[in-house]
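Protein chains in written order, with the numbering used here: chain A, 314 to 812; chain B, 312 to 954; chain C, 181 to 287; chain D, 3 to 491.
These aren't lab readings, by the way, just hints derived from the structure by calculation. None of the values given here were measured: they were computed from a predicted structure. Hints are supplied without guarantee of correctness; some may be wrong.
Listed next, with one range per pair, are the computed distances between beta-carbon atoms [stated by the list, open to error]:
no., chain 1, residue 1, chain 2, residue 2, range
1, B, Ser867, A, Gly770, 56 to 64 Å
2, A, Gly429, D, Glu157, 51 to 59 Å
3, A, Leu354, D, Leu24, 31 to 39 Å
4, B, Asn889, A, Gly770, 52 to 60 Å
5, B, Asn871, A, Arg624, 35 to 43 Å
6, B, Arg882, D, Lys449, 28 to 36 Å
7, D, Tyr281, A, Arg532, 22 to 30 Å
8, B, Val326, D, Lys449, 50 to 58 Å
Idealized CB from N, CA, C, for every residue including glycine.
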Amino acid sequence: MIGLLDVLLPTVILTVSAMLTLPILTVIRRRNSHHRALAVLWIVVPFSAAALWIIHLSLEYYGSMGSQPFVFVSFAPGEEAHLSSSFLVDAVSIYMVIVYLLMGFASCLYGILYIGFEEKPSERYFALTFMVVGSVMAATLSGDLLTLFIFWEASAAGSCFLIAYRKRADSIEASIKYLVMIVIASGFIVYGLSIIYGLVGSLNFWVVRDALITAPDKRLLLAAFLFVAAGYAIETAVVPFHMWLPDAYTAAPPSSAAFLSAIVDQASYYVFMRVLVYILTPPEVLNWPVALAVFSALTMTVGNLFALAQRDVRRMVAYVCVADIGYNLVAITSVKPLGVMGNLFFFFVGGMTTALAFMAVGIVNRLGLKTLEDFAGVGRKFPLTSIALVVAALSFSGVPPFAGFIAKYLVFTAAIEAGMAWLAVVGVLNSVLQSAYLLRLIHYMYARPAGRRVRGGEPRNLLIPVYIMVVAIIVLGMYPAFALDLINPAALQLSLLLS
Amino acid sequence: MAEYSPWLVWLFPIVSSLWVPLVSKLGNRARDGFVISVGVFTLIFSALLIPTISSGGSTDLSVKWIRIGGTDIRLGVFIDPLSLLFANLVAFVGLVVLLYSLSYMAHEEGLPRYYFFMLLFIGSMVGLVLADNFLQLFIFWELVSLCSYALVSFWYRKPEAVKAGMKVFIMTKIGDISLLAGILILYAGLHSLSYQQIFEQYWKLPQATLTAVSMLMLFGALVKSAQLPLHSWLYSAMEAPTSVSCLLHGATMVKAGVYLTARTHVIFCNVPLWLDSLAWIGAITAVLGAVLALHTTDIKGVPAYSTVSQIGFMMAALGVAPSPQSLGWFAGLFHTISHAFFQGLGFLAIGSIVHQLGTRDMRKMGGLRRDMPITFTLCIIVILARSGIPPFCSFFSKGLIAKSLLLADNTPLTLLIYAAAAITFAYSYRFLTITFAGEKSSYLKNIKVHEAPRLMSIASGILAAGTIILGFLGGSLVDFLGTRYVFDLASFFSLESLMFVVTLLIGGLPIYLIYQRRVVGTEDLRRGALGVLDRVIEENYFLDRAYGFIVRVLLSLSNNLYRMDIRVMERVPYFVANGIMRLSHIMLVSFDLTLDRVVAFTAEAIAVHSVKVRRVHRGVLSHFVLAATFGVLLLYILLILTT
Amino acid sequence: MDYVILSMTLLAVGIYGLVTKRNLLKVLISIEIIAAAASMNFVAFASMVGGSLGQAFLILALSVDTTLTAIIIALVVVAYRDLGTIDIWALSRLREVRAARRRGKRR
Amino acid sequence: MMAPLLFTLLLPLISLPFIYLLGRKPKVAALIVTVSSILDLAFLAMTAPTVLSEGKYVESYRWIPMLGSPLTLFVDGISLSMAVITLLLIISATVFSMSYMEKEGSLREYYILMAFLTVGLVGVFITSNLMVFYFCWEFMLIPTYFIIGEWGYRESYRAAFKFFIFTHAGAVSVLLGIGAIYMLTGDLDMFTARTLLESAPPSLLEWIFIAFTLGFAVKMAVVPVHMWLPDAHAEAPAPISALLSGVIIEAGAYAILRVSFGTVFPSIMDRVAGSQFLYIISTFGVVSAFYGAMTALAENDIKRIVAYSSISHMGYVLFGLSLYPLVEGVVGTVLHLVNHAASKGLLFLCAGAVMKQTGLRDIREMGGLASKMPVTAISTAISSFSIAGIPAFACFMSEFLIFMGGFQASSMDGFFYLPTALMIVATVFSLAYVLRLFWRVFLEEPKPGKVSKLPTLMAVSMLFLSFVNVALGVWPGPVIDLIGSAELG
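Isolated chain A, as found in the complex (with noise of 0.2 Å):
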């Protein structure tokens, strides 16, 4: 029997250490000798606690698997349930969760090591990031619109400071900016919310996915849908709601970038699947899929033209995880348990990815080099982080025997099945378009001759959480059983929920 406690703990474990380590990293400052393998030592203690509970968690979740996939835990007990704030244990949540901690121990693991937490501020820096993945599990745990509400907003909270670190004008902008969106984005969630809560009752996943497939006023159900998803939609960043994301992960400081595309993206990919999915009508109730296969070549389309006008690299990449969104919503539009497959995956890989190229660009970055010119000669100075930009990008691009081909053919194929060719089609010249720039990139670096600026030796330590995500990219293009047994599951999970 799965506990409150046994949901909730993770993201208290993680709390309580966002809390300490104001204090903690503080004392290890002060020390004299190794006070940096003191702060990873730090970095990986809650990190590894939370894990050995996740691991818990999903052992207990297995194992009792067999009577029902979906495991309600709620303050109230009983028949009350329903009526107050739940958590929702699932093959999927269970998922996603382990896919929070891989990438939040390695971006954090970046962040520690990029940041340098000498710099002074820099304990607010890592507590943050600490809750930011606290509060995205159990957002992801969550069982009712509102407590997924909370938990969401709560983690936007979080990010928008990681934004806002360097303090630097454009970061501000961008933080405010952000948050604007973000609060918008809660006011038309809310809204939604609303319609929902008056035409069931109840914000219960359950309760409200039952009551909705027999919903009576078609009009009401559309405005809520209409609400829910531009809110969502605003915090996925699907285009044309996406203009925050390009500013913010560009201001941003890289580290905070590779964590915010590893896990506050992925997790808004996850939720906005989970929303439309598993909770929000299915298509035979109200048609949405065609709308958002729209919104989905769209966003691949423009995400990727524009990721080619770009000069700075940065910025380039920020574009590319926009259109990954687009690719994401591919999969979320087929509603098919291929297609979830595929989302499950992309959000793992996708995330990787980012973080990645993020991470690489952000090495170079140290020195300066921006934009493409910069980036010339950057291969031959720097081989260790152009391989690991070289993978990114060919992982973006959908090359074997990197993942990001497994997770791009399984969206393909998804929408395929989908009845959706056509869109399929559109992801695919995509693909060859954002391959065309990511090559260019790679062409940049190799083929040019170096700038006088690109200079000095490579981080070797920074180095370290990056070749983590190389192995894992690699590891996973090759052999992507060991994500696809976890997944596998959730899928059936869902097929079970769509008969």
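Guided by the hints, dock chains B, C and D onto chain A, whose structure is given.
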């Protein structure tokens, strides 16, 4: 040994050819000895095969080569009188030429290459005639082309030789593909490539298919045998060393076409079109080729065009033969052999001259008879033999050809052949007059001319003896080939033969008048109507121009295609890429620009406070909100539309 | 139903404000108006369904909103202190200026 | 437990750390690649008895069960012959590289990429699972891109870029087809899918067929989409050009045979559109054959001539493919792939040797080199004559079989008379450009200029391939038997 000789006879020279470069390392004598012994053994092997005919064919030694689509294509040897005739001829002439080469080529560079290709040439040709199926035939057919390419371009530093080699190869390749098409259509109909099976089953094919096949194969054969209008490669091949020309004319390359025609005669003799075309093209070539030989000033051009013409005789004879084993068929083959001897001899003799003089221009020669008496004698033999003066071989073979034409009752053809025979004598006589008669030319006065080395004379002598003996062997040849014709020497001394000889004399008369009596100068002949004719002949009937034109057209087509590829096709990707780049920039700019304008417009229209916005701002919060609002609207519209 | 119309109107006003206003404080006010619209709507629907759950939810939602707004205000303060302006257009131009200065420095 | 095919696939990967650790000396690295390729050959040879007796040899391992993709390794006569010639070519190219590349830098990376390339190249041929196939298919791209870019001539990265984009675009089209097949059948094994597809809607299958064929045709460099080929082949270092022309573009043809024809086509063969596809394919074949030959005739850059000739030869192959399912056509096509690999590989090596020895690229500046570089001249002659389809050299027999199939097809369907006749005519053009190349480079008076000595290892690999060429030309029987042992049609 004897039972393997069907294999050894063609494999031995081919395999030995591979050893030539190695043996050459041992020294020139070793190489020469090796080459000659290979030639001798080849001749022995092919001679060993002759008894197998009388003993009722040989054992089947064929091996499976490839198996495709349920059909076995075997590698085997087809032994019948026809193939043995040719095999022995090739081996014999080959040996003579090799002997000749020892002396003729002695001081050249690159002899390993020369002997390698010579042996390969001989081996391929023997393989060609002994092939047991059409694929095998075709393979050797092409190998013969390849060897002739290599040998014609033997002096690869000479641009003319290289170009001539290419011309030979490419022109014969045109015939080869035609043959290939014929073979494959045959295969498509009968599912077999083996002669045996095709000879048994060809009647199963529809007449139209058979006609098509026959014409394709005929074309192939005609090109290989340098018949009009595709004869010009043969003259270009004169760039080769003369020994090579001798082999090429006497036994190998050009004879392949005759062999193929004789070989397929049994299938195609039921196709009237095939027979008619063969006969007519043969006869016309006989005349026109002879005319070219009459006109040429190149000493090697005479035998070259002579070959064109003589093969025309053979083709005409084959074309009037209603069936194999009939008189025309035999006459054609008989003439093939006699041609091998007299033309081979002709080349060897001319080779001596060229060897000594270092030029091929007849106009620079004259009065050689005193310096080169042996060669002069040989040349007289050549001329007598070629023209068909009794008792030389050609008298009998040409007589038979004439007889077969008369039998076929085809007057125009007969007249053409007679005319050709007359001109043959004329050009031979002309050649003799210009080169050997008269005073020494100024060119010759400056160089010392010797008689040809002994070895060369011996080789020539063998052939010369052949030209005399051969005619009297006609009877046994008839028996050997199993022809339904009684070869009676006495029958040759008849009115017809007299007529034939008279014809020759008529042909010789103008030459006597022009070149010995100097009744008219050669320049005078180039005026008026004759001048036009002269021009036409000079230009090789404008055929070279026509081919040149075609080649130029194809080359310029290629060049234009290439330029198109470089200029257009290459740029297409860049064009597309640039288009996409530009599109993305335009979108990026216009996206912001439009939003900017819209925001400014909204603000100004409502004019709460006037905002002067003209500059483009990127990433302003208002734009985000506005875009999001548009997004919501779009979502709404799409949802309404789809539900 | 009237409440719904009212909240819709408020929403429209809020968005209008967001689009047209340049002053960050006015933007903030517009945000608050949007939040108010959402809350109003929630109240309206909750009253239709009845029960206390809606109110509880509303309170939570409001508090979240408030938190976020507080953060924005904090950022606005930082922006004003560090950059000396709270005009959003000026802020974005500032960024462009900085970018231009960076480019200039390189040359 | 013996798992020869798995070893074949993984051996180059296993050799990677050795190359990295021991490969400070480039020769050692090259040696490791060579040895691992030879071992690969040995492993492949172990499957040969089974292939000959049972027609195929299959191994299967768990890989991505959720996508219907076990790691199925499969060889039959066709794939075995392709894989063997691939490995032979890789061995020759590596040995050739030892001398050819010695002046270049970072050769350890070069050989590492070479080993990677081996995995992709061999893998494409030895699997029957579409996913594995696609993996290896794309796997070829990455090392090739970097090799062309890094060790190529002139604007090598640009050429590599073009190569990558074109073939990747083709590949994603293939990916769509694979996705559609998975959707229709839930199975990605080529042979299982083939039976399962029989009940699928034909109109959809036609689209799948188009997607596949289009994608593979890009790799094959069929004429309208050939633009990447001359650049990539010309700019790549010679050993890689040999592999590019010898194997990589042929993988496209092999894939059309295996996937487009082997898997999808049987289910739509009886429909009108089925034969129309064949007509279209044969038309493109003819166009490519002429286009390539004629452009080669006009080109002056030695490597680009050979590159254009590859386009021409892919035209032959495409034409041969359009004869599907005629045995002569299919066997002839596969044999042509094998032969073309051997002879074009050799020709590229020769071109590389000429360039290395003289430092020239433009054939108009060369001439008379035959006496100065006899080995190169002989090898070039052998490969050129093979390319031109002269008997006793490799390509003749396969062209013969293709034409044989062409006339067989014509006797059933009159349409094919014209293309077959044109294809035969195209051989004259082949002969023409080949002779022109040989003439310009090796014949006539030598031009002034220094000619360096041909390194032994280059000579060895060229002579080895020459031997392969002649052997294939003189006695193609065993290869034909091997190819014929596969289930066709």
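Hint-by-hint comparison with the structure:
1. B:Ser867 to A:Gly770: 56 to 64 Å: holds, 59 Å
2. A:Gly429 to D:Glu157: 51 to 59 Å: Violated, since A:Gly429 and D:Glu157 (Cβ atoms, about 42 Å apart) do not stay within the stated range.
3. A:Leu354 to D:Leu24: 31 to 39 Å: Since A:Leu354 and D:Leu24 have Cβ atoms about 37 Å apart, the given range 31 to 39 Å holds.
4. B:Asn889 to A:Gly770: 52 to 60 Å: Cβ of B:Asn889 to Cβ of A:Gly770: about 38 Å, so the range 52 to 60 Å is violated.
5. B:Asn871 to A:Arg624: 35 to 43 Å: For A:Arg624 against B:Asn871, whose Cβ atoms are near 40 Å apart, the range 35 to 43 Å holds.
6. B:Arg882 to D:Lys449: 28 to 36 Å: Given a distance of about 33 Å, which is inside 28 to 36 Å, the answer is holds.
7. D:Tyr281 to A:Arg532: 22 to 30 Å: violated, 55 Å
8. B:Val326 to D:Lys449: 50 to 58 Å: Violated - the Cβ-Cβ distance for B:Val326 and D:Lys449, about 37 Å, lies outside 50 to 58 Å.
Of the numbered hints given earlier, the model fails hints 2, 4, 7 and 8; all others are met.
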